[in-house]
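A.B. asks: Since chain A is already given, all that's left is putting chain B on it; use the hints.
Number of protein chains: 2
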Amino acid sequence: MFSAKIKVTLRKSILDPQGKAVEHSIQSMGFSSIADTRIGKFIELKIDTSSEEEARLVTDEICRKLLANPVMEDYSFDISKMNGEKN
Amino acid sequence: MFSAKIKVTLRKSILDPQGKAVEHSIQSMGFSSIADTRIGKFIELKIDTSSEEEARLVTDEICRKLLANPVMEDYSFDISKMNGEKN
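As you go down the protein sequences, you meet chains A and B in turn. Residue numbers 1 to 87, in my numbering, belong to the letters of the first sequence in order. Residue numbers 1 to 87, in my numbering, belong to the letters of the second sequence in order.
If we strip away everything but chain A, and leave its shape as in the complex, we get (with noise of 0.2 Å):
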């Protein structure tokens, strides 16, 4: 069994309006040393396979055609053996 944990972010090139909003929360609230807020998706799923190798390859058919629009964002992942298990 391995844990994914996927993320998934608007490309640099892509405005981010709700980065920008909350920003301007942020810099409200007092921190005016903040920039550069750019929000996306995280996104945990469990892989019941023992092979490490097939665990990557379903993350990323699966970020490539359901959870990441190709068109606008990028994705990263990292796979993690799950405690407990022995295979």
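To be clear, the hints were calculated from the coordinates, so they are not data collected in a lab. Fair warning: there could be bad hints in the mix.
Copies of the same chain look alike in the list, so a pair counts if it fits in one copy or across any two.
As the list claims (entries may be wrong) - Each computed DSS-like pair below joins lysine-lysine, with the alpha-carbon atoms no more than 25 Å apart:
1. Lys12 with Lys81
2. Lys81 with Lys20
3. Lys7 with Lys20
4. Lys46 with Lys20
5. Lys46 with Lys5
6. Lys65 with Lys20
7. Lys46 with Lys81
8. Lys12 with Lys46
9. Lys41 with Lys12
10. Lys65 with Lys41
11. Lys46 with Lys65
12. Lys7 with Lys81
13. Lys81 with Lys41
C.D. replies: Relative to chain A, chain B alone:
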């Protein structure tokens, strides 16, 4: 200048209907080995300070006061020094 990468996730005890919907989509694509899908937010921001300790304190305060709902959500973050900076 430091970069903070923040993850805000629903607490384990809170139902995540968005995660369930994504999980059903993944399974209907043929990936039956996927379970426990949960969706959170990923926030990146830059902090203009020369002290890692200050960057950490500022980020923690922003998470507590603005980014995470302390009743329903947990947060974690990594602080890293940005390349090309000497301070």
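A.B. asks: As a check of your reading, is lysine 7 near lysine 81 (CA-CA no more than 25 Å) within one copy, between copies, both or neither?
C.D. replies: Both ways: lysine 7 and lysine 81 sit 18 Å apart in one copy and 20 Å across, limit 25 Å.
A.B. asks: If the cut is 25 Å between Cα atoms, do lysine 81 and lysine 20 qualify within a copy, between copies, both or neither?
C.D. replies: Between copies only: 22 Å across, 36 Å inside.
A.B. asks: Can you give me the call for lysine 7 and lysine 20, within, between, both or neither, at a CA distance of at most 25 Å?
C.D. replies: For lysine 7 and lysine 20, both the intra-copy (19 Å) and inter-copy (18 Å) Cα distances are at most 25 Å.
A.B. asks: Check lysine 65 against lysine 20 for me: Cα-Cα at most 25 Å, and say if that holds within a copy, between copies, both or neither.
C.D. replies: between (28 Å within a copy, 17 Å between copies)
A.B. asks: Can you tell me if lysine 12 and lysine 46 fall within 25 Å by alpha carbon in one copy, between copies, both or neither?
C.D. replies: between (29 Å within a copy, 14 Å between copies)
A.B. asks: Please work out whether the CA atoms of lysine 46 and lysine 81 approach to 25 Å or closer within one copy, between two copies, in both situations, or in neither?
C.D. replies: within (10 Å within a copy, 31 Å between copies)
A.B. asks: Is it within a copy, between copies, both, or neither that the alpha carbon of lysine 41 lies no farther than 25 Å from that of lysine 12?
C.D. replies: Answer is both; intra-copy 15 Å and inter-copy 17 Å each pass.
A.B. asks: Indicate which option fits the pair lysine 46, lysine 20 if close means a Cα-Cα distance not exceeding 25 Å: within, between, both or neither.
C.D. replies: For lysine 46 and lysine 20, only the inter-copy Cα distance (13 Å) is at most 25 Å; the intra-copy one is 32 Å.
A.B. asks: First find the shortest C-alpha distance between lysine 12 and lysine 81 inside one copy, then the shortest across copies, and answer within, between, both or neither for a cut-off of 25 Å.
C.D. replies: Between copies only: 19 Å across, 31 Å inside.
A.B. asks: When no copy is named, should lysine 81 and lysine 41 be tagged within, between, both, or neither for a Cα gap of at most 25 Å?
C.D. replies: Both: 22 Å inside a chain and 23 Å across chains, each within 25 Å.
A.B. asks: 25 Å Cα cut-off: does lysine 46 pair with lysine 65 within a copy, between copies, both or neither?
C.D. replies: within (17 Å within a copy, 31 Å between copies)
A.B. asks: If the cut is 25 Å between Cα atoms, do lysine 65 and lysine 41 qualify within a copy, between copies, both or neither?
C.D. replies: Both. Shortest intra-copy (16 Å) and inter-copy (20 Å) distances satisfy the 25 Å Cα cut-off.
No hint from the list above goes unmet by this structure.
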